[in-house]
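K.L.:
Add chain B to chain A, keeping to what the hints say.
Which chain is which? The protein sequence lines are A and B, in order.
The first sequence runs 1 to 613 under my numbering.
The second sequence runs 1 to 82 under my numbering.
You may find that some hints are simply not true.
Claimed, not checked - Only pairs whose alpha carbons sit at most 20 Å apart, straight line, appear in this in silico PhoX-like list of lysine-lysine:
| id | chain 1 | residue 1 | chain 2 | residue 2 |
| --- | --- | --- | --- | --- |
| 1 | B | 12 | A | 213 |
| 2 | A | 163 | A | 42 |
| 3 | A | 314 | A | 163 |
| 4 | A | 350 | B | 30 |
| 5 | A | 584 | A | 350 |
As the list claims (entries may be wrong) - Covered by chain B, per the in silico footprint, the following chain A stretches (three or more residues, Cβ under 8 Å):
| id | segment |
| --- | --- |
| 6 | 58-67 |
| 7 | 181-188 |
| 8 | 575-585 |
Derived from the structure by calculation, the hints contain no laboratory data.
Since the structure is predicted, the reported quantities are computational estimates derived from the model, not experimental observations.
Positions of the beta carbon are idealized from the N, C-alpha and C atoms, including for glycine.
Listed below, chain by chain, are the residues.
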Amino acid sequence: MTAIPMVAVVGNPNAGKSALFNMLTGARQKVGNYPGVTVERKSGRMALGDGRPVELVDLPGAYSLDASSPDEAVTRDVVLGRQEGERLPDALLIVLDATNLDNHLRFALQVIGLGFPTVVALNMVDLARRDGLTIDKERLAAELGAPVIETVAVRRRGIDEVKDALGLAVVAERQAARPEEDFTGVQRRARAIASAATTGQTLTRRSTVAIDKVVLNPVLGPILFIALMFLMFQAVFAWSEAPMGWIESGQEWLGQASANAIPEGFFRDLVVQGLIAGVGAVVVFLPQILILFLFILLLEATGYMVRAAFLMDKLMAKAGLSGHAFIPLLSSFACAIPGIMATRTIEDPKQRLTTILIAPLMTCSARLPVYGVIIGAVIPARTVGLGIGLQGLVMFGLYILGIVGALLAGLILRNTVTKGASQSFIMEMPKYQAPHLRPILIGLWQRAWAFLKRAGGIIMAVTIALWLLSSYPVAPEGQKQTEYSIAGRIASGIEVVVRPIGFNHDIALALLPSMAAREVAVTSLQTVYAIDAEDEDAAASAVGDQIAARWSLPTALAFLIWFVFAPQCLSTIAVARRETNGWKWPLFMLGYLFALAYVAAGATYWIATAAGL
Amino acid sequence: MRVTLDQLPYHKPAIVAAIDWESLGETDAKRLRNLGFDEGVGVEALHGAPFGRDPLAVRIGRMQVAIRRAQARTIMVEATAR
Numbered sequence: 001m002t003a004i005p006m007v008a009v010v011g012n013p014n015a016g017k018s019a020l021f022n023m024l025t026g027a028r029q030k031v032g033n034y035p036g037v038t039v040e041r042k043s044g045r046m047a048l049g050d051g052r053p054v055e056l057v058d059l060p061g062a063y064s065l066d067a068s069s070p071d072e073a074v075t076r077d078v079v080l081g082r083q084e085g086e087r088l089p090d091a092l093l094i095v096l097d098a099t100n101l102d103n104h105l106r107f108a109l110q111v112i113g114l115g116f117p118t119v120v121a122l123n124m125v126d127l128a129r130r131d132g133l134t135i136d137k138e139r140l141a142a143e144l145g146a147p148v149i150e151t152v153a154v155r156r157r158g159i160d161e162v163k164d165a166l167g168l169a170v171v172a173e174r175q176a177a178r179p180e181e182d183f184t185g186v187q188r189r190a191r192a193i194a195s196a197a198t199t200g201q202t203l204t205r206r207s208t209v210a211i212d213k214v215v216l217n218p219v220l221g222p223i224l225f226i227a228l229m230f231l232m233f234q235a236v237f238a239w240s241e242a243p244m245g246w247i248e249s250g251q252e253w254l255g256q257a258s259a260n261a262i263p264e265g266f267f268r269d270l271v272v273q274g275l276i277a278g279v280g281a282v283v284v285f286l287p288q289i290l291i292l293f294l295f296i297l298l299l300e301a302t303g304y305m306v307r308a309a310f311l312m313d314k315l316m317a318k319a320g321l322s323g324h325a326f327i328p329l330l331s332s333f334a335c336a337i338p339g340i341m342a343t344r345t346i347e348d349p350k351q352r353l354t355t356i357l358i359a360p361l362m363t364c365s366a367r368l369p370v371y372g373v374i375i376g377a378v379i380p381a382r383t384v385g386l387g388i389g390l391q392g393l394v395m396f397g398l399y400i401l402g403i404v405g406a407l408l409a410g411l412i413l414r415n416t417v418t419k420g421a422s423q424s425f426i427m428e429m430p431k432y433q434a435p436h437l438r439p440i441l442i443g444l445w446q447r448a449w450a451f452l453k454r455a456g457g458i459i460m461a462v463t464i465a466l467w468l469l470s471s472y473p474v475a476p477e478g479q480k481q482t483e484y485s486i487a488g489r490i491a492s493g494i495e496v497v498v499r500p501i502g503f504n505h506d507i508a509l510a511l512l513p514s515m516a517a518r519e520v521a522v523t524s525l526q527t528v529y530a531i532d533a534e535d536e537d538a539a540a541s542a543v544g545d546q547i548a549a550r551w552s553l554p555t556a557l558a559f560l561i562w563f564v565f566a567p568q569c570l571s572t573i574a575v576a577r578r579e580t581n582g583w584k585w586p587l588f589m590l591g592y593l594f595a596l597a598y599v600a601a602g603a604t605y606w607i608a609t610a611a612g613l
Numbered sequence: 001m002r003v004t005l006d007q008l009p010y011h012k013p014a015i016v017a018a019i020d021w022e023s024l025g026e027t028d029a030k031r032l033r034n035l036g037f038d039e040g041v042g043v044e045a046l047h048g049a050p051f052g053r054d055p056l057a058v059r060i061g062r063m064q065v066a067i068r069r070a071q072a073r074t075i076m077v078e079a080t081a082r
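Here chain A stands alone, though its shape is the one from the complex:
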């Protein structure tokens, strides 16, 4: 028995490769990693017209075989048969953007030279036609020596024809590779073929030119950018109110139902107060996280993200970075992990390292539950005029503090430990495209699933562990349970260190488990107060009310500032280790962020105390 044939999908970035891959494989996709690198390996099963199965692998977009990023290196290594964990493809599917043949043909020619049986998908022919470009596909096929099929991946056009052609390709023999051509030679041959096969004058897409007149306008561009960012953060809070209410009601109902079903005792407390209230305190932030991701996915899918990087380049340059660093940093507002992984597109190693080191300073969505609960508890819900709420203003301030902190840290790092040559900024600006619902929904679903897995996995595990550690040994009469228990004694040790910056015993207890995930700070406090409560009513009361009653304002403010800077997330450290190939930089990151958090929280506490707050 032979393994089913494998076809690798290759092409330039922005050729519509992933859209075609999605249409060919449907939902039957597997996402994994190549060994040793954090480059995603996307593969899927596809059935040919006659029922034969084929494995399709979607390789990262590349501009040429002369790779300049880890992503491109994977693509190169797979087609050269040098990639660990991947067999040599039986055939290749090359995806070309019909509106940008000059550029896409260069990589296609390089790959075709390798001798694989090849099918060429001439994608986005509808856009080319709308721009008045006609492409002679017979001519193109003759020049390339491979069948050329017109496709419009997002509208499912040409899919069956591609399958038929692949059916022939996978049983064809691989030819000897042609001797390597020099780059300029390939470049010029690509241009000659493109101009011979294309008729039409249009040089850039008309709609893109029109939109860019506004988006990149020196005056309107920045205004639009700020408006979009403002809308994004406004939406995170405004649109999430109703669904968060639903989750809270659902959680209340579940708590009630469980309390009725389980006999009174330790187990009931654990389930109702520990699990349902604790994990629920985190799950309630799912709508906010999804709205944030929705905006980021839309900005990427439409092509606006690169324009934002273009507008921000000058500002980033002041911090010794470039527009390249902007995209990972914006993603870090959702989560530093995809943010750090997105730094792979930054070619300069020093700039990439700097971006990784400052990414955790961007206010990720895991901080939202912490900020939300503390602000709700200690900041009065009044307006400061013009209908702007004080609570929202404080939240905004924390975001700004993170950004300013990141840029200053970047500037200092670039002048000390990550010193390097001045930066360049060279980046393709893809044409604007209307976003398609399906990929956005798939993206959102993946984020939601990852978050719920986190809540159901690590957050639940840490909550149970903390519940057990804070419940035993049982304190004798007259002693506080949260101080007598194992967790309480550990917290007393930590308290010695954090007392000078205004943190109390409860906070000390919450700090350690929140290393697993920042949101656990909220569940931990919930646990502490539930266990310490005198009666059932007090145990059930919201963690925010407990904080309002027990913490001083300087302590609460110091706690907020601590969370702006502290590297409270082990997964981020783990990703940083993987991406920097060692412990040196993640440990450095841990050290400098903790130092920063300690100093900033301490300063906040003492200034607030001196001010008589």
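P.N.:
Only chain B this time, still in chain A's reference frame:
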């Protein structure tokens, strides 16, 4: 009219006449080659970013690319009549 790309007036079509690959450094040179920069390719300055009109958005062939003025300075272009 022969000028460097950063001096080319906006929306004036030109052809790349020469690129000073040596002064670009290996990484940037590779990047520019990969985005289609080569002698003989059509080029046009489209937009300048706010605050000092740097970086530039330029058309190279049929593609739009962002590039800082410092790198655009290494590219000599010859303006063409439309």
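K.L.:
Out of the numbered hints, which ones does the structure contradict?
P.N.:
When the structure is compared with the hints, numbers 3 and 8 turn out to be violated.
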